[in-house]
Structures are given as C-alpha cells and as structure tokens.
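> All residue numbers for the sequence shown refer to our numbering, where the first residue is 354 and numbers rise by one.
Don't read these hints as lab results, they were simulated from the structure.
Please note that a few of the clues may not be correct.
Derived pair list, reagent style DSS-like, types lysine-lysine, alpha-carbon separation capped at 30 Å [unchecked claim]:
| id | residue 1 | residue 2 |
| --- | --- | --- |
| 1 | Lys-545 | Lys-390 |
| 2 | Lys-454 | Lys-394 |
| 3 | Lys-630 | Lys-657 |
| 4 | Lys-590 | Lys-573 |
| 5 | Lys-545 | Lys-573 |
| 6 | Lys-630 | Lys-590 |
| 7 | Lys-390 | Lys-573 |
| 8 | Lys-573 | Lys-516 |
| 9 | Lys-390 | Lys-590 |
| 10 | Lys-394 | Lys-671 |
| 11 | Lys-630 | Lys-394 |
| 12 | Lys-454 | Lys-573 |
| 13 | Lys-454 | Lys-590 |
| 14 | Lys-671 | Lys-657 |
| 15 | Lys-582 | Lys-390 |
| 16 | Lys-671 | Lys-630 |
| 17 | Lys-582 | Lys-454 |
| 18 | Lys-652 | Lys-671 |
| 19 | Lys-394 | Lys-582 |
| 20 | Lys-394 | Lys-573 |
| 21 | Lys-630 | Lys-652 |
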Amino acid sequence: MFFASDNWAGAHPDIAQSLVDAARGFAPAYGTSDLDKHVEKTFSEIFEREVAVFFVGTGTAANSLALASFNRPGGQVFCHREAHINVDECNAPEFFATGAKLVPVDGPAGKIAPEALAAAIGRFPPNFVHGGQPMAVSMTQATEAGTAYTLDEIAALSDIARKAGLPLHMDGARFANALVHLGASPAEMTWKRGVDILSFGGTKNGCWCAEALVLFDTSKAQQMHFLRKRSAQLFSKSRFIAAQFEAYFRNDLWLTLARHSNGMANRLANGFAASDKARLAWPTGSNELFAIVGNDALKTLREKGAAFYDWPAGPAVKATMREDETLVRLVTSFATREADVDAFLSAL
Numbered sequence: 354m355f356f357a358s359d360n361w362a363g364a365h366p367d368i369a370q371s372l373v374d375a376a377r378g379f380a381p382a383y384g385t386s387d388l389d390k391h392v393e394k395t396f397s398e399i400f401e402r403e404v405a406v407f408f409v410g411t412g413t414a415a416n417s418l419a420l421a422s423f424n425r426p427g428g429q430v431f432c433h434r435e436a437h438i439n440v441d442e443c444n445a446p447e448f449f450a451t452g453a454k455l456v457p458v459d460g461p462a463g464k465i466a467p468e469a470l471a472a473a474i475g476r477f478p479p480n481f482v483h484g485g486q487p488m489a490v491s492m493t494q495a496t497e498a499g500t501a502y503t504l505d506e507i508a509a510l511s512d513i514a515r516k517a518g519l520p521l522h523m524d525g526a527r528f529a530n531a532l533v534h535l536g537a538s539p540a541e542m543t544w545k546r547g548v549d550i551l552s553f554g555g556t557k558n559g560c561w562c563a564e565a566l567v568l569f570d571t572s573k574a575q576q577m578h579f580l581r582k583r584s585a586q587l588f589s590k591s592r593f594i595a596a597q598f599e600a601y602f603r604n605d606l607w608l609t610l611a612r613h614s615n616g617m618a619n620r621l622a623n624g625f626a627a628s629d630k631a632r633l634a635w636p637t638g639s640n641e642l643f644a645i646v647g648n649d650a651l652k653t654l655r656e657k658g659a660a661f662y663d664w665p666a667g668p669a670v671k672a673t674m675r676e677d678e679t680l681v682r683l684v685t686s687f688a689t690r691e692a693d694v695d696a697f698l699s700a701l
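Build the full structure now, drawing on both the sequences and the hints.
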C-alpha cells in the first residue's frame with residue numbers, strides 16, 4: 354500500500370529492458386548516437402511539429418534550465434504559490450537563472466487564477482527599474498494539487514502572457530497523467546494553446562531517470578546547448594536516457610501507464626466517497642489525490658503498512674475540517690495494483 358509518491362515506484366519492465374539493450378556495444382556520446390536522434394524525431398512526431406529536445410536527469414534541472422533560457426536582468430517569474438519550482442526545488446530556478454525571482458500567484462485547486470496573474474504582472478511597470486522586469490510565466494500540468502488545467506484555462510494564461518510579451522513554460526512532471534485525463538493530444542495541450550517550452554517528465558510514469566526539455570521554437574535551441582552543458586546536465590552516455598524514452602513511447606506505453614495510475618487514483622477516490630471515515634478534499638484530475646481522514650483511521654492505516662504523507666491544509670480546507678482530522682496526499686503509479694487500493698480501502 355505505497356501511496357507516498359510515484360517516485361517510490363520502480364521502472365516498468367520494458368523500460369528496464371531498454372537500458373539493458375542500450376548497454377551493449379558502442380555508440381557516439383553526448384547526444385549524437387542514432388538512438389538519440391531517433392528519439393528526438395519521435396518527440397517531433399508526438400507534438401506534430403519540429404521541436405528541439407534536450408535530455409536531462411531531473412525535473413528540477415529541466416525547470417531551471419527552461420527559466421534560465423528566458424533570463425532577464427531583474428527577472429520576475431510568475432508561478433502558482435504551490436508550484437514545485439516555488440516550494441520544492443531549493444531555489445534552483447533562481448540559481449540557474451542567475452538571480453531571477455519567483456513571484457507566487459494565487460488561485461484555487463493549484464491553478465493560477467488568470468485575474469491574479471494579470472494583476473501580478475501589472476505590478477511591474479516597464480520602466481520602473483527598482484522592481485525588476487517580468488521574465489516568464491510558469492504553470493504546472495498536472496498541478497501540485499492533483500488537478501489539471503483545461504485547454505481553455507491554458508489558453509487563458511497564454512493570452513495574458515502573450516499580451517505582456519512573456520513566454521509560457523509548462524512543468525510537465527506528470528504531463529502524461531494530465532493528458533489522458535483531458536483526452537487531448539500533446540500538441541493540443543502545449544503549443545496549440547500557447548506553451549513555449551515544456552519540461553517533459555517520464556520518471557514519475559515508469560522511467561528510471563528520464564526528463565526532457567522540449568522547445569517549440571527551435572530557433573531558441575542554440576543557447577540551450579550551452580546552458581545544459583554549464584549546468585552539468587549534458588550526459589556523455591545520453592543514449593541511456595534516449596533508450597528509456599524509446600521504450601516509453603513504443604506502442605503508446607506512456608499513455609497506457611498514465612491511464613492505469615489515473616485509474617487507480619479514481620478507484621481510491623470512489624472508495625473515499627463510500628467511506629464515513631474520510632472524504633476527498635477536492636476532485637482529482639491525475640494520479641494524485643488529497644483526502645481528509647480521521648486521525649484514528651490514519652493510525653490504523655499506518656499500523657497496517659500504508660505509506661502516504663500528511664499535507665498542509667490551506668485556510669479554505671481547514672475551515673471544513675474537524676480538530677481530529679488530517680489532510681493527506683496519496684499518489685498512485687504504474688505499479689499500483691487494484692489489490693493495493695482495495696487493501697487500503699478495507700483497512701480504512
């Protein structure tokens with residue numbers, strides 16, 4: 354009953370085998386192998402246009418390099434208050450962007466509210482040097498609250514960013530989970546709605562260690578080569594990242610895995626709906642869900658081996674909770690089994 358994080362899950366057997374296969378023989382280094390080039394072409398096919406792809410080892414690296422590519426003196430990056438770049442990346446985005454500042458923006462269910470974004474950008478007049486200058490907007494899909502922006506919501510943020518002359522970055526650590534939830538295509542959820550650069554995550558969805566930066570404007574790629582090298586993210590044996598993505602995309606495995614993990618989250622959600630010991634804090638749109646659980650039930654679940662995290666509750670959620678209740682986060686994965694979910698719900 355491991356629901357602490359999809360990072361706890363291992364690698365899918367097909368992806369593990371891809372690493373074994375890539376370990377045989379010799380191949381040109383630093384992203385120049387035939388396998389690297391093949392996977393880069395696959396990314397372009399998936400996104401229905403030519404894209405520039407840069408393999409990196411972590412999502413933090415992908416997010417930080419994406420924002421560094423837009424760097425401006427006194428740069429201000431607008432993101433949700435709960436965004437991973439703002440809460441969980443140890444100031445790496447500011448560090449790699451050499452002094453940029455993150456500006457937290459509010460919004461319900463982990464989503465940036467368009468009116469709040471417009472107001473935040475408006476607080477930085479173009480000629481007021483003391484305040485710095487807007488640099489980029491970053492959104493997370495799926496969000497840190499387990500929700501997913503609709504296509505129209507993405508377009509609304511893009512429209513605000515465009516009017517301010519700002520690029521739009523998407524942190525897609527759980528990109529596949531949001532994609533299958535919406536039933537959209539990768540193109541529809543990104544560049545067709547105004548996204549300029551994407552942090553494409555595979556690690557949380559069955560890969561061993563595979564993340565990528567996807568640039569939809571290939572004219573911006575030259576600078577990224579230098580940024581990636583300077584950040585120590587240019588892997589000499591990058592074919593091992595490429596091999597994971599090759600297996601990940603083969604026969605749409607990545608979408609199959611995401612549908613499974615989302616399905617397990619929905620199974621949990623249905624169980625909470627039928628329980629008098631717990632309830633969902635809000636609806637989920639991915640493989641991540643949040644529930645309000647009685648403390649006695651939490652003790653029983655943990656005694657029976659369930660792994661999950663307590664989560665800080667904001668004012669709106671706190672107002673709906675009793676003193677003997679706790680907000681928790683549960684995350685399913687490609688490796689979650691129906692039996693795991695059912696055992697958890699039985700214990701609950």
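> Which hint numbers does the structure go against, in order from smallest to largest?
Numbers 2, 6, 10, 11 and 13, in rising order.
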